[in-house]
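2 protein chains.
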Amino acid sequence: MEQIPLPAKERLLYLMRVLEKSGMNPVTSTQVEALTGWSSHTIRKDISYLGGDCDGSAIGSSSGYHPAILAPAIKKALGLDRRRRFCVVGLGRLGSAYLNFRGFELEEFELIAGFDTNVNRVEIVRSSVPLYPAYKMAEVIHRFAIELALLCVPEEAAQAAVEKLIAAGIRGIVNFAPVALRVSPEIVIRNVYVVDALRAVAVRMT
Amino acid sequence: MEQIPLPAKERLLYLMRVLEKSGMNPVTSTQVEALTGWSSHTIRKDISYLGGDCDGSAIGSSSGYHPAILAPAIKKALGLDRRRRFCVVGLGRLGSAYLNFRGFELEEFELIAGFDTNVNRVEIVRSSVPLYPAYKMAEVIHRFAIELALLCVPEEAAQAAVEKLIAAGIRGIVNFAPVALRVSPEIVIRNVYVVDALRAVAVRMT
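Residue numbers (the working numbering), protein chains in the order written: chain A, 1 to 206; chain B, 1 to 206.
Just chain A, same shape as in the assembly (with noise of 0.2 Å):
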């Protein structure tokens, strides 16, 4: 199969998205159009990514997508088809929440693990997920396969977190926290910051 560009893998994911949301089946190229804001053709040429075991016949392109096809598709195209494990870092308020949060079940990804440095917080914290002080992350990552991780540590002991993760073998990192981690290029960070999110917001309504 042809590599998909990042921006591509980007737009696919947002659709796959907008197509499990939407609630329509099936869903036409003009309300993909208005749900995305992308051309007809860049929603046709990402599509031609998935390659040959989802043609146009398949997918639908004239009479509209078929999320039922098309967001499996794209699953399986991303490399989404399999699960992986993650751990939540640091269980103050914000790791607490997402320690609890029902969506992950649904979804291809598994919460293994949560760690603190605080040894009084992973015994005093409820979680149906098991916790550990942040000195046996190495151990514990190792031992249950964790992959990604959520960091929920505060701005000033982020970058600390994110070399002990790096060192027990994360290679994935979504960081809340909002600081620009120093870290090798192979190493893949996604921030999320809620700040970020209102300017996003707030530039629109402008």
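Because the hints were derived from the structure by calculation, they are not lab data.
Where hints are given, some of them may not hold.
For chains that are exact copies, the list does not tell them apart, and a pair is met inside one copy or across any two.
Stated by the list, open to error - Listed below are the simulated SDA-like cross-link pairs for lysine to any residue, each with C-alpha atoms no more than 25 Å apart in a straight line:
{"#": "1", "residue 1": "Lys76", "residue 2": "Tyr193"}
{"#": "2", "residue 1": "Lys136", "residue 2": "Arg182"}
{"#": "3", "residue 1": "Lys21", "residue 2": "Ser184"}
{"#": "4", "residue 1": "Lys21", "residue 2": "Val129"}
{"#": "5", "residue 1": "Lys136", "residue 2": "Ile166"}
{"#": "6", "residue 1": "Lys45", "residue 2": "Ile124"}
Given the structure of chain A, go ahead and fit chain B onto it with the hints provided.
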């Protein structure tokens, strides 16, 4: 000033954050390209939207970009140079986490109020920000001229909550619930969903 297209606005926002976080001064074009993944042509074009009071000589181009000049110029061009008031709706774990998040104080957003349909929760949750039962939403939003909302309610409550917010005059919403909200086109919504962030990381690791 020329109207800035939305994709350029989004890139300028990200560039502003990258510059703020980089700790470098000046940042060379090559460093900006490496940090953002965009071509120098795109970056120059985006910066050209900032208009006459921020010409190339002041902002820098061949000599690099000066965060201390460029970041405020972007803020001003995007209308982020005034503080906007916002509220948190839904005081469960995630909402409570944002109620007590210190980062807002440093930025151009001011947290004014928290709301929950559960009156007990309004009384119990600890917060330095005033909390109100949801039936006071319209009154409080009007009284304090609140413009934006963080929607932290469960998935099944999100659509009803967003309709209440819009009826109360809110036009911009950051939605943390994994649901496609049905709103009229003049309402700006940004969906922030942790599973989507995990997916975006996972597809870059493959």
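Cross-check of the supplied hints:
1. Taking the shortest alpha-carbon separations for Lys76 and Tyr193, only the inter-copy value of 21 Å comes in at or below 25 Å, while the best intra-copy value is 29 Å.
2. In this assembly of identical chains, the alpha carbons of Lys136 and Arg182 lie at most 25 Å apart only when taken from the same copy (23 Å versus 45 Å across copies).
3. With identical chains, the CA atoms of Lys21 and Ser184 are at most 25 Å apart between copies only, with a shortest distance of 17 Å across copies and 35 Å within one.
4. In this assembly of identical chains, Lys21 and Val129 lie within 25 Å of each other by CA distance neither inside one copy nor across copies; the values are 28 Å within and 33 Å between.
5. Proximity of Lys136 and Ile166 under a CA criterion of 25 Å is satisfied intra-copy only: 14 Å inside one chain copy versus 47 Å between copies.
6. For a Cα distance limit of 25 Å, the shortest separation of Lys45 from Ile124 qualifies neither inside one copy, at 51 Å, nor across copies, at 52 Å.
Going through the hint list in order, the structure does not satisfy hints 4, 6.
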